[in-house]
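*Asks:* Full structure from sequences and hints, please.
Every letter in the sequence shown is one number past the one before it in full-length UniProt numbering, and letter 89, counting from 1, is 89.
Keep in mind the hints are simulated off the structure, nothing from the lab. It is possible that part of the hints are untrue.
Said to hold, decoys possible - Calculated cross-link-like contacts (lysine to aspartate or glutamate; reagent style EDC-like; alpha-carbon spacing at most 20 Å): (1) K382 with E322; (2) K191 with E53; (3) K88 with E157; (4) K112 with D122; (5) K212 with D195; (6) K256 with E157; (7) K165 with E78; (8) K212 with D189; (9) K212 with E181; (10) K191 with E181; (11) K80 with E157; (12) K167 with E157; (13) K256 with E78; (14) K73 with E157; (15) K384 with E322; (16) K388 with E322; (17) K348 with E116.
Unchecked claim - Each pair of labels, with its calculated beta carbon distance range: (18) I349 with K73: 48 to 58 Å; (19) T204 with L47: 32 to 42 Å; (20) A378 with L114: 26 to 36 Å; (21) I349 with L237: 39 to 49 Å; (22) V347 with G118: 10 to 20 Å; (23) S161 with V359: 43 to 53 Å; (24) P316 with V84: 38 to 48 Å; (25) S161 with K121: 45 to 55 Å; (26) P127 with Y39: 16 to 26 Å.
All residues carry an ideal CB built from backbone N, CA and C; glycine is no exception.
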Amino acid sequence: MLQSLNQRQNKQRLVGIDLFRGISAYAVVLIHVGTLMIYSGLPTNNLTNAVIEISRFAVPFFLASSFYLMTQKLYTTEQKTSVVSLFKSRSQRLLIPYFLWSLIYLCLRILKTLSESGNLKDLFQDPVLLLFLGGASIHLYFLPMLFTGSFLIILAEILVSRQIKLKTLLVLSIISIVFYELQIYSGNDFKFYTDFGVNCLAVTNACSIAFKSIENPIFPNYDHQIWRLLFVAIAWLIKCLPYTLLAMVINHPRIKKLTKHLNINHAISLLSLALIITALWLLNLYQITYFPQSLYELGTAFSLLICGIALSNKIPKSPYIENLGISSFGIYLIHYLILLIYINLLVKIIPNIKMLPPVITMLLISAVGFLTSWLIVARLMKIKVISKNLFSA
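*Replies:* As structure tokens, this is what we get:
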């Protein structure tokens with residue numbers, strides 16, 4: 001997804017990763033179509049719910065590919081990254097688009113509230129959520145989360161400078177996965193919603209929280225927003241740590257020699273592995289058998305990442321796939337706006353759309369919304385000031 005952040009239009013493009021980045025962007029669109037169908041009164045069923053859950057590999061893949069590209073030069077350069085330089089570069093590439101898109105989505109919320117004769121005060125009851133935690137729109141939390149996780153690169157550089165062995169790196173990766181799973185299992189992971197459907201901006205601490213279970217008696221003043229931001233940052237770092245360490249494993253010189261020889265058969269095997277892990281996750285969701293969420297997220301993400309590397313070794317470059325990879329960050333940011341417009345129009349103009357099978361409605365809206373988003377982003381990226389500030393290109 002973050003093509004424009006980590007892999008500029010340059011010499012050695014990874015066409016397979018571009019392809020999966022585009023597929024992941026479409027998966028995010030599918031997830032949000034399902035959510036908006038519920039809000040809009042369009043029918044959903046078990047099949048649409050299953051499609052949503054199958055699509056949840058998207059954000060983990062974006063994280064895996066982002067950290068893979070961030071750690072690519074760790075073993076080939078001795079240049080150290082300072083906290084200040086990292087803050088400046090990540091602010092330009094992540095925070096500027098984040099604040100601009102937050103403003104765009106907030107303006108949209110204001111217009112919607114005014115059109116429905118609602119109370120504008122309800123939009124500003126949780127300013128911390130609105131400013132720092134992606135409260136303007138459900139998908140914007142990814143940017144401050146990746147910004148926070150980016151600082152783990154300093155830890156990665158320290159480990160490489162001390163010539164960490166591959167075995168030690170693998171052990172640390174496993175330990176980090178265990179910690180992440182314990183955080184999830186205990187209910188202390190980051191949660192955008194405390195209750196699905198709650199009006200996030202109208203109630204303080206209703207959304208984007210972490211470590212809520214230790215609110216009392218250890219931290220009776222959890223409502224203090226400094227505690228909230230601190231806990232969310234810790235939860236994000238715990239989530240991003242296994243992605244960072246596993247990305248370091250894949251970029252390790254010994255592993256990189258192996259990945260250069262991956263072929264189509266390896267790609268098929270890795271894709272099959274991702275599908276098997278997804279099936280196990282679905283069985284977990286339907287309470288048929290237990291399967292850890294951390295293994296689902298990391299297993300699917302890195303299976304698809306290595307599959308993308310394998311495909312990059314063998315399939316020819318395509319200008320369409322390249323453009324899709326470059327546009328995927330913009331698609332992620334703009335798609336929710338496009339979906340809101342389409343779904344509101346469809347409900348008013350074609351009320352009989354409710355007669356269609358829900359999964360057909362979902363696939364139609366998601367396909368049109370995705371293609372529209374792609375076309376708009378591809379056009380806007382030709383305008384330098386927009387490309388730089390809205391899409392970090």
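*Asks:* All the hints need checking, so say for each whether the structure fits it.
*Replies:* Here is how each hint holds up against the structure:
Of the pairs offered as hints, the one joining K382 and E322 holds, with about 15 Å between alpha carbons and a cut-off of 20 Å not exceeded. Note on K191 and E53: the hinted pairing holds, with a Cα-Cα distance of about 16 Å set against a maximum of 20 Å. Our distance criterion of 20 Å between C-alpha atoms is met by K88 and E157, whose separation comes to about 18 Å. Annotation: proposed proximity of K112 to D122 holds, straight-line Cα distance about 12 Å (limit 20 Å).
Restraint check for K212 and D195: the C-alpha separation of about 13 Å stays at or below 20 Å, so the hint holds. For the given pair, K256 sits about 18 Å from E157 by alpha-carbon distance, which is consistent with the 20 Å threshold. Restraint check: the Cα-Cα separation between K165 and E78 comes to about 17 Å, which is no more than 20 Å; the hinted pair holds. Between K212 and D189 the CA atoms are separated by roughly 9 Å; this keeps the pair inside 20 Å, and the hint holds.
Note on K212 and E181: the hinted pairing holds, with a Cα-Cα distance of about 16 Å set against a maximum of 20 Å. Note on K191 and E181: the hinted pairing holds, with a Cα-Cα distance of about 14 Å set against a maximum of 20 Å. A C-alpha spacing of about 7 Å is found between K80 and E157, which places the hinted pair at or below 20 Å, so the restraint holds. The hinted pair formed by K167 and E157 meets the criterion: a straight-line CA distance of about 17 Å does not exceed 20 Å.
This hinted pair checks out: K256 and E78 have alpha carbons roughly 18 Å apart, not beyond 20 Å. Proximity of K73 to E157 is assessed by CA-CA distance (about 10 Å); at most 20 Å being required, the pair is judged to hold. Using a Cα cut-off of 20 Å, the hinted pair K384 and E322 holds, with the two alpha carbons roughly 19 Å apart. The suggested pairing of K388 with E322 holds, with an alpha-carbon distance near 18 Å, which does not exceed 20 Å.
With a CA separation close to 15 Å, the supplied pair K348 and E116 stays within the 20 Å bound. A C-beta distance of roughly 51 Å is found between I349 and K73, which places it inside the suggested range of 48 to 58 Å. Between T204 and L47 the C-beta distance comes to about 37 Å, which sits within the given range of 32 to 42 Å. In this structure, A378 and L114 meet the distance hint of 26 to 36 Å, their C-beta atoms being roughly 32 Å apart.
Checked against the given bound of 39 to 49 Å, the beta carbons of I349 and L237, roughly 46 Å apart, stay inside it. For V347 paired with G118, a C-beta distance near 19 Å keeps the hint of 10 to 20 Å intact. Take S161 and V359: their Cβ atoms lie about 51 Å apart, and the range 43 to 53 Å holds. Hint check: P316 to V84, Cβ distance near 42 Å, so the stated range 38 to 48 Å holds.
The beta-carbon spacing between S161 and K121, approximately 52 Å, falls within the hinted interval of 45 to 55 Å. Judged by the Cβ atoms, the range 16 to 26 Å given for P127 and Y39 holds: they are separated by roughly 24 Å.
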